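Number of protein chains: 4
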Amino acid sequence: MKTDFFSGIEPAQYKGTDSTDPLSFRYYDKDRKVMGRRMEDHLRFSAAYWHSFTWPGSDPFGGETLNRPWMHGDDAMELARQKADVAFDMFELLGVPYFAFHDIDVAPEGGSLREFNANLNAIADIFESKMQSSGVKLLWGTANMFSHRRFMSGAATNPDPDVFAYACGQVKAAMDVTKRLGGENYVCWGGREGYETLLNTNLKQELDQLGRFLSMLVEYKHKIGFDGPILIEPKPKEPTKHQYDYDVATVYGFLSRYGLLDDVKVNIEQNHAILAGHSFDHEVRLAYALGIFGSIDINRGDDLLGWDTDQFAMNVPEIALLMHEILKNGGFQTGGLNFDAKIRRQSIDPQDLLIAHVASMDACARGLLAAEKMLEDKALEGPLADRYAGWSEPEPQAILAGERSLEEVAMKGLETSPQPRSGRQEYLEGVLNRYV
Amino acid sequence: MKTDFFSGIEPAQYKGTDSTDPLSFRYYDKDRKVMGRRMEDHLRFSAAYWHSFTWPGSDPFGGETLNRPWMHGDDAMELARQKADVAFDMFELLGVPYFAFHDIDVAPEGGSLREFNANLNAIADIFESKMQSSGVKLLWGTANMFSHRRFMSGAATNPDPDVFAYACGQVKAAMDVTKRLGGENYVCWGGREGYETLLNTNLKQELDQLGRFLSMLVEYKHKIGFDGPILIEPKPKEPTKHQYDYDVATVYGFLSRYGLLDDVKVNIEQNHAILAGHSFDHEVRLAYALGIFGSIDINRGDDLLGWDTDQFAMNVPEIALLMHEILKNGGFQTGGLNFDAKIRRQSIDPQDLLIAHVASMDACARGLLAAEKMLEDKALEGPLADRYAGWSEPEPQAILAGERSLEEVAMKGLETSPQPRSGRQEYLEGVLNRYV
Amino acid sequence: MKTDFFSGIEPAQYKGTDSTDPLSFRYYDKDRKVMGRRMEDHLRFSAAYWHSFTWPGSDPFGGETLNRPWMHGDDAMELARQKADVAFDMFELLGVPYFAFHDIDVAPEGGSLREFNANLNAIADIFESKMQSSGVKLLWGTANMFSHRRFMSGAATNPDPDVFAYACGQVKAAMDVTKRLGGENYVCWGGREGYETLLNTNLKQELDQLGRFLSMLVEYKHKIGFDGPILIEPKPKEPTKHQYDYDVATVYGFLSRYGLLDDVKVNIEQNHAILAGHSFDHEVRLAYALGIFGSIDINRGDDLLGWDTDQFAMNVPEIALLMHEILKNGGFQTGGLNFDAKIRRQSIDPQDLLIAHVASMDACARGLLAAEKMLEDKALEGPLADRYAGWSEPEPQAILAGERSLEEVAMKGLETSPQPRSGRQEYLEGVLNRYV
Amino acid sequence: MKTDFFSGIEPAQYKGTDSTDPLSFRYYDKDRKVMGRRMEDHLRFSAAYWHSFTWPGSDPFGGETLNRPWMHGDDAMELARQKADVAFDMFELLGVPYFAFHDIDVAPEGGSLREFNANLNAIADIFESKMQSSGVKLLWGTANMFSHRRFMSGAATNPDPDVFAYACGQVKAAMDVTKRLGGENYVCWGGREGYETLLNTNLKQELDQLGRFLSMLVEYKHKIGFDGPILIEPKPKEPTKHQYDYDVATVYGFLSRYGLLDDVKVNIEQNHAILAGHSFDHEVRLAYALGIFGSIDINRGDDLLGWDTDQFAMNVPEIALLMHEILKNGGFQTGGLNFDAKIRRQSIDPQDLLIAHVASMDACARGLLAAEKMLEDKALEGPLADRYAGWSEPEPQAILAGERSLEEVAMKGLETSPQPRSGRQEYLEGVLNRYV
Ligand SMILES: [Co+2]
Ligand SMILES: [Co+2]
Ligand SMILES: [Co+2]
Ligand SMILES: [Co+2]
Ligand SMILES: [Co+2]
Ligand SMILES: [Co+2]
Ligand SMILES: [Co+2]
Ligand SMILES: [Co+2]
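Chains as they are written, first to last, in numbering that gives the first Met the number 0: chain A, 0 to 435; chain B, 0 to 435; chain C, 0 to 435; chain D, 0 to 435.
In short, the hints are calculated from the structure, not lab data.
One should not assume that every hint holds.
To be verified - Below, simulated DSBU-like cross-link-like pairs (lysine-lysine); rule was C-alpha separation at most 35 Å, straight line: (1) D:Lys14 - B:Lys377; (2) B:Lys372 - D:Lys203; (3) B:Lys372 - B:Lys411; (4) D:Lys14 - B:Lys372; (5) D:Lys1 - B:Lys14; (6) A:Lys203 - B:Lys14; (7) C:Lys14 - A:Lys377; (8) C:Lys29 - D:Lys203; (9) B:Lys327 - A:Lys240; (10) C:Lys29 - A:Lys372; (11) A:Lys222 - B:Lys372.
Keep in mind that this is a model prediction, so the values were computed, not measured.
Same shape as in the complex, but just chain A (with noise of 0.2 Å):
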């Protein structure tokens, strides 16, 4: 380790599943085959940067409470570089294989857009070396374009043209080192693509500026090489009051509109989507019915509490669906699972850190193990054929393919008397508990 942040810790190893020790794996063994594949090959677990190293503990309510040392003191360059080493720490005793950034994560603003270009490629070499030497990787790369004053009303959908062009500048920078370290994949988060009021919105104008930004950055994506797809990270709300990246559905159809979705597509976070009033599993299985699955922000809401909480997931029926529908659309791609995650401001030791990403974790690996096994025996897949099986048939197939006019198929109807069958809820239900 580089640093005493976290001294006298191992790095996290799996025990089974009669350990106790907070800091072990019971489930997440990484070497351990999983359908064919391994299971550090299949979460593609990456770390966040922002919630984890800059993150000071803070609420609209109250100050810092975690007393990060890299916090405190004047060279700002000096203080991202025992950031650094901290994270690379971190990963190391967690043993995830990915990371992800935004670029004010990593590095000081400075005075200027030239400046802080600098800083980042200055912070991007240390990460270079850092990575080469660790063997960790970069899932994602991304701009901060919604902390700072410039961007309160919009980046790409701000009012002022000027704006919008000191994003390109940001976007493109952030893009480029994304691609120098071997990012696979960009993501965009548009924290303030949004209005607060539509008084003084001009919604029409706002939605072409943020298709003409995203369109210009898929041409410059092509243009340098870059391999990955890019991914939007819907939001409904928070911190405006309304996002134009609402949920994946309002995602399909922005990208439908600006002639995108062959280049573009979703980083779904569980928090975001039930924020949407969506369940996860509903926003990660219309992805991928809409051809537009990227990667995953895993993370929990509390169902009760309208804001993003961003706690570490911990359910393990939850994961399990969302690890089903994964593997059976052939699992990640370029994604994995970003511990877009921090922890709770009252927990304050380091350690605290540690054991939110191992117990998370661990969930995960427990959800993958369930889902392989209901796979396995099919046991939700087998009814949902059985259920639809109808539509198998030549004439519901002769509908769907277009060869039927209504008339045609209203005569049918006339002489069919249909009857319900169960939908079999519970019984689902009670399948699911049986694996979890």
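Model the placement of chains B, C and D with the ligands on the given structure of chain A, informed by the hints.
Leaving out everything else, chains B, C and D with the ligands in the frame of chain A:
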């Protein structure tokens, strides 16, 4: 009047703002000109058959409260005729120019689809005559494919292709009747086109079924020369856990995916908007921005309740913003303000039905007048234009037109230091209060 | 079995965790000892008459789906007897030791309160005999004073004192029958004790009416020697906009205000808890803290829906925390786990009713076993005791005992410089996951 | 004016309804008599120190936007003095008769509680002088015991008794200063008196700590002769997952449990009301019904957002109902309308601060005038009295007085056949619309 249900009550008249008669209008003066068009022609009010004439006052925890004479008796067709008499009495007492109905609202379902279609056409004969004598027109017709148990797992999205065929038979008849009665639109609300649990749902299959169903309906509409648009009414949930036509943005994506943007628009309901987490104004403005605005189901939900209360719209500020949006876009074309609203189940007197409509019509008229004045003064549009003025310049226009690359704009971004300008939200809220 | 409704189905048996038979128990082994008491005696399961036997599968947008034979016929008393036969068949197939009912669930209302009371007593005769032969006992009885239109504006809180009097007549009969059948509790759910709008509501008057009503019931209970507690079931809304028995804390304040804390406790339902913005565990723990815990309506709501879905509880982690709380406090006294849960309206097969109960009973048994283990290990109680250990010291005890003034403690405060300690939330979440 | 922050702006004047000047009043005419009392004496407006002078415009996803001069500098006491100058400038430009503050809003915390107390008293000296010269009075004072990390796990409810002692020290000083400045109330908002997870929380212990803390404060208030009431401000959640002072009903139960009903009342905030699932009017009416109404934090939340937005109240119909309730109960005693409201973070111009207050004061004045007229006309009170008239009869009065047994009333119930009467909700909504 044909019936004595509303006996002793005179048609509602405009009596000016000093009137305290709850059966008079204080603002709605149908021949008054607003921006060159009669109030009646702007607002295009429609009474809804279902809430006022088919709902007995029941809710999930209680039965009938309203005791309507036409709901009790043995001869279903005779009861349907009595209901029609009362309905047209109400239309005339209110002076609404339009009405709207589901097929099963007006005619008994009988023992088969054939019999239902015959009943529906027999009632349509009566409607034709009543429409002629009263001058009341049909804003839209629709088929109820959600109440009967055969539709418990969906109509177009049912796992059983026989139900799909049955739905084709029913929707064809409803479209035929709507055309015959001169309906100006045809509405689809997918009350069971969704799911209760993803455990038993093939999401992609169901979306494809729904896309095919709508496409067939569009083809049929063209074939028979039905001029009006088909309108999807978005609703996120209730009765199902999740409905496919979640909100305006979702419907847009769906129409885009299945190539239906030319023929299908949306019918937006306030209560459905807030259940989806959106303001009414948002949904309307978005529909205009996306080019799919069709019509309005005017009502109001309770912001603190999680179900569709379908109350009468009374909140003038919200209606003023609605009418501002509609006027700004040239006013209704085929659409109108349909009262998809029901009296509370404790409002058991016949005159409660009339008082509720009159009070809400008056709130709409007041909102219209406020909107006219705001537009005349450019009270909101002026500041809005100022805010986005920068985008009218040649360079920003070139960006929007796709004539600039990311690198070009990024270079410019390096030279700017954008300074935020006030969003002036409280100022604009104060302005709105000056008009309502 | 008395009827052929569940024909061919054998009583559910414990078959161990390898069983895949949905009509067998994998965890519920009724004679197994848990902390010295049989599982059956811990869980005290009760089946609910209403959801399983009186609900036809309707919802606000659709009618009957379930087609129960005892819901169709002319002789209301004969149908009530058929229903009782099927109900006791189910109780025996499931092996539940208790049931619960509303008066109108079991007997036809007839044309007057006198007639209803006679019908109710006639069915009670049948129940007595069936209870004796089957060994099934009555967990609680209650009066439905919310479904009939006479109660549309409340029962005890009605603006019309005649309705109050009618409610007294009905509740007296229900209490009499409950006592006669050996009911262990009497429950009051105030389904219409609330309001639709404050515009027509005298809140203080209605609270006083409700207080008086409960007081009279308590006096009567003592008079007739009914031993069990009266239980109020909190619910915040639905069917009304606002219900007076909003949540546990509100009921506590109400009981305190009207001097009812000695005789009235609460019956807590999971779905009502979340509608009020609380976790189930919160409501249970608060009821114990305030000394008013009575019993449980075990079910689950949908966190993303705003109405009472009354689904079967399947969520083992939540149930484990519930049972942990109950075990920690000595286990149920008069209360139990009453299945206030209904199958989905698409679950139309008779066996769906059984499968749902079996799966949920099993989830409860599994939660009980997890709770037992957590208590044995002090997995949660240990860290909790450590966290508050400081308050066991003499000086803090003196403060709590009221022996110190603000000035005295404030002086001490001037000398301290308290250092926060980690709340360890993620650690504890990981611990819970070890047990479920 | 002492500072040039609002340079060039004149005090807001009443200019009548034709005024379009956003810095003038259209309704608020402070000397106008309403029901025999000056408008200013009715509304008792108070400006809040925190939102307007200590909040930099940050939110959980972004930093400072407002760039206030007094927030940047090295000499904390000098900055506090500058802030006081600007604050009193604003109070005078608005013409508000009151202000309110938390201890840490006005004085730097320094390095110890002793130092903080000294700073607080130094600023109080300045306030005394400014209050004398301006005539602005103190509506209430309070202690911020939620922002500092020492309070992360609660102040009075902290697991560490040392934090409890520290809180005693802080609250005593804040009470002393409030008394010295002639504060008319003392407010307690328990921002951390709640929990993040029940897994680490001893609920009963914490409630007892909170009860003891409040009791000590009440004893101290009497000892020093502070005349005003202590007011608890209910809020259900945020920052914590669950706060003990959830809503008015919960606070009532708490006060009752700990014997505090004589000395403690509530300060009700609209935004907190809706976060708890209640209308503002509900909370106010309930507080009057329970005898614990104290004061109002006037603001508005966003019904579609799940956090405390603290926007300026602009909604005239809601305010009219609020003022109707307050006037009906005799008007404010020690309480008033405190602007616990903040401008949006995009409202960065100094005049936005003034415009927001002026617009909201005007909306309040308009609501007051509407309420006066409704009361004069008995527009709502007349129908309400009619609805409950039956309870004025001798027999119902005897029931309410506890002079009848359940059996006696039940006997009467057997003879009645109550007929429901219309609740007339839509009629009453139309009536309200006549006044607003
Ligand atoms: Co995320
Ligand atoms: Co998040
Ligand atoms: Co509608
Ligand atoms: Co609706
Ligand atoms: Co219940
Ligand atoms: Co329920
Ligand atoms: Co407040
Ligand atoms: Co607030």
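A quick look at each hint next to the structure:
{"no.": "1", "hint": "D:Lys14 - B:Lys377", "result": "22 Å, holds"}
{"no.": "2", "hint": "B:Lys372 - D:Lys203", "result": "59 Å, violated"}
{"no.": "3", "hint": "B:Lys372 - B:Lys411", "result": "42 Å, violated"}
{"no.": "4", "hint": "D:Lys14 - B:Lys372", "result": "21 Å, holds"}
{"no.": "5", "hint": "D:Lys1 - B:Lys14", "result": "55 Å, violated"}
{"no.": "6", "hint": "A:Lys203 - B:Lys14", "result": "41 Å, violated"}
{"no.": "7", "hint": "C:Lys14 - A:Lys377", "result": "22 Å, holds"}
{"no.": "8", "hint": "C:Lys29 - D:Lys203", "result": "33 Å, holds"}
{"no.": "9", "hint": "B:Lys327 - A:Lys240", "result": "24 Å, holds"}
{"no.": "10", "hint": "C:Lys29 - A:Lys372", "result": "29 Å, holds"}
{"no.": "11", "hint": "A:Lys222 - B:Lys372", "result": "51 Å, violated"}
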